[in-house]
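Participant: Okay, here's what each chain looks like letter by letter:
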Amino acid sequence: MESTTITQIAYLISAVLFVSGIKQLSSPATARSGNARASLAMLLAIVVTLLDHEILDWTTVVAAVVAGAAIGGILARYIQMTAMPQLVAVFNGFGGGASAAVAAAEFLRAGGSGPALELGVGVTIVLGTLIGAVTFSGSLIAFGKLQGVVTGSPVTFPLQKTFNALLFLAVLLIGASLAHVGVANSVAPVFGMGALEISGPFFAALVAGALILGVLLVIPIGGADMPVVVSLLNSYSGIAAATTGFVLNNYILIIAGSLVGAAGLILTQLMCKAMNRSLGNVAFGAFGTEGQTARAKTGERPVRDVDAEQAAMVLAYAGSVAVVPGYGLAVAQAQHELKKVCDLLEDRGVTVRFGVHPVAGRMPGHMNVLLAEADVSYDKLLDLDDINAEFDSTDVVLIVGANDVVNPAARDPDSVIAGMPILDVDRARTVIVMKRSLSPGFAGIDNDLFYMDNTLMFFGDAKDQMSELVKEVREA
Amino acid sequence: MGELLILLYIFVLATLAGKEVISKVPPTLHTPLMSGANAISGIAIIGALVVTGAADQPWVKVLGTAGIVMATINVVGGFMVTDRMLQMFRKR
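Residue numbers (our numbering), protein chains in the order written: chain U, 1 to 476; chain D, 1 to 92.
Worth flagging that the hints you see were computed from the coordinates, not collected in a lab. The beta-carbon is built from N, C-alpha and C at its ideal position, and this holds for glycine as well. Check the hints yourself; a few may be wrong.
Computed spacing ranges between beta-carbons, pair by pair [what the hints assert, rightly or not]:
#1 D:Lys24 with U:Ala67: 29 to 39 Å
#2 D:Leu13 with U:Arg474: 21 to 31 Å
#3 D:Leu8 with U:Leu159: 31 to 41 Å
#4 D:Leu5 with U:Ala418: 42 to 52 Å
Taking beta-carbon pairs under 10 Å as the criterion, some of the chain U residues facing chain D (in silico) [unchecked claim]:
#5 Glu54
#6 Ala67
#7 Leu75
#8 Asn92
#9 Gly93
#10 Ala100
#11 Gly148
#12 Pro220
#13 Gly222
#14 Val247
#15 Leu259
#16 Gly264
#17 Ile266
#18 Ala389
Extracted from the complex, chain D is given alone in its bound form:
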């Protein structure tokens, strides 16, 4: 239970930190913020890698591999498209 509590602490504190940093983002940048945050949610790739790497049953491997593919699409596509948007924001 001690371990679960530590995880809960991390979850709550990270949520609060996220709320603080994100509420300062101006409306102009909300679309890049959304797509950037979306790319970060691809962090699920870490879970997929751990599970697939250790997979010793066929179905675990199938699910894990599907997880890696989906999460990588999310991560790579998300960060790339956010960069594509942000490079257009220029001051003249």
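Looking at chain U on its own, in the form it has when it is part of the complex:
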């Protein structure tokens, strides 16, 4: 009794640390200590749990923790910042997998037979297994797509949605019958079967069905949309953890799990808004294919192209420059050269700011991390609304490897990207677009911006061209 009270109080402290830690994440100045606070909360919860519960085999537990910590630590230490989305995906998959494993272990411990299971416990065990397993396999596919191991283009087959829906229904039925044998026995006669015996094989079918479902839900979605998927799966992994909290009657699992569930959902909504897609559209996996149908002809209209020297002149003699970085910058790993160009411009007295679209890069806020890595001060990174208020008074906009997020077609109600929030770069006096070719972006449509009178196209690989620009600005 005594130790239980202490444990509950420690869990409460841990919960407070989690919430206040996340709150500190809301400002770049306090974010790092917020993260430290959240990890302290985790450590406290772990230590208290180990002290409160009887551990029959310390060797196994300690070995498992050490192994996990070593793998996680090495990954975290050596991962490239550009690979952050796939790292989050794989970590997330492990979180979901852990919840599924816990729920499955509880099922076995409860005797493995349905009738013995209480309805509440049964439901939560099944939900934990289901959500955890979907998160696990879905996240691994998302990782594969982001890493390029699995094809980035949508994988579709005939009647896919019908098949997925049927599979989901089957998994739910299996789950329901596991959760409460009565459900199965009321359904069984419909299919001409007798009373069912609920046991191990049924549970194995649930796990297998959920794993396949996770794969099938993610493969039809295009690689560029993976961050939305990862964000949604992140939410699922939180909910899965919270569900195991219901199974084990553990408050801190529920609290931390639901915090993550909420975080993932909010981020998913923000991303959907930034790409002008609905959450329903994401949840039912119907997107990532529309790009193919709307492919436009490009390159038939004349553009004004410039070389590095001309671009350097325009930039060097501007009063204010706004840089709009896109995923192309990250792919070319040109952020350090970009920073050099900006330093040189600032030395000449040019005001330089960055306009970062919410979905620039491969996950929300990814571009900010890449620019921070290149040593760009965070107060120069302006978000969509702030930079849009500045374009009217900006001399030159330098777009590096971005396309759809600066396409004025978003203002045309008939366009496929109609209504997508964009950076209004066409309102600046001059626009320089650094890009490899005129090829369309993910939305698959032509960009009118490239053909405007005040637009200069600066073709080439972002890294090479940025190095050229460094040289030319220095000499300008």
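Following the hints, put chain D in place on chain U, whose structure we already have.
Facilitator: Structure of chain D alone, referenced to chain U:
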């Protein structure tokens, strides 16, 4: 049923609290937020420890141990990489 209701209360209130705190995070910090939140979802480690600690059947132990390894990767890797990102966010 009373116990289940209490758990449900906690779940709903924590979700609302999470929604409030998280909607204030600026877009600049969304990637660290995502990876930090992801690390917190490794809270499943608590469940894995409880299950493994009390395991008296071989399969329960196997599943629990796998759970500990996966959750620890999630927790340790998640918090470390978030810290690595956040230390780069500096004002000059």
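Participant: I want to verify a distance hint. Is the separation of the beta carbons of Leu8 of chain D and Leu159 of chain U within 31 to 41 Å?
Facilitator: holds (38 Å)
Participant: Restraint: Pro220 of chain U near chain D, CB-CB cut 10 Å. Satisfied or not?
Facilitator: violated (23 Å)
Participant: Less than 10 Å between beta-carbons is the criterion; does Glu54 of chain U satisfy it with respect to chain D?
Facilitator: holds (6 Å)
Participant: Have a go at the Gly264 of chain U hint: is there a Cβ in chain D nearer than 10 Å to its own Cβ?
Facilitator: Nearest chain D Cβ about 7 Å off; hint holds.
Participant: Between Leu5 of chain D and Ala418 of chain U, is the Cβ distance one that fits in 42 to 52 Å?
Facilitator: holds (46 Å)
Participant: Report holds or violated for the interface hint on Ile266 of chain U, using the least CB-CB distance to chain D and a cut-off of 10 Å.
Facilitator: At 5 Å from the nearest chain D Cβ, Ile266 of chain U passes the 10 Å test, so the hint holds.
Participant: Please check whether Gly222 of chain U passes as an interface residue: C-beta within 10 Å of a C-beta belonging to chain D.
Facilitator: violated (20 Å)
Participant: Measuring from the C-beta of Gly93 of chain U to each C-beta in chain D, is the shortest one below 10 Å?
Facilitator: Given a least distance of 8 Å, the restraint on Gly93 of chain U holds.
Participant: Does the CB of Leu75 of chain U sit less than 10 Å away from some CB of chain D?
Facilitator: holds (5 Å)
Participant: Can we keep the Ala100 of chain U interface hint, with Cβ of chain D closer than 10 Å?
Facilitator: Hint holds; Ala100 of chain U Cβ to chain D Cβ min 8 Å, cut 10 Å.
Participant: Given Val247 of chain U as an interface hint, is the shortest Cβ-Cβ distance to chain D below 10 Å?
Facilitator: Holds: closest Cβ of chain D sits about 8 Å from Val247 of chain U, inside 10 Å.
Participant: Please verify that hint: Gly148 of chain U, Cβ, nearest Cβ of chain D, below 10 Å or not.
Facilitator: Since chain D brings no Cβ nearer than about 20 Å to Gly148 of chain U, farther than 10 Å, the hint is violated.
Violated hints, in rising order: 2, 11, 12, 13 and 18; the structure is consistent with all others.
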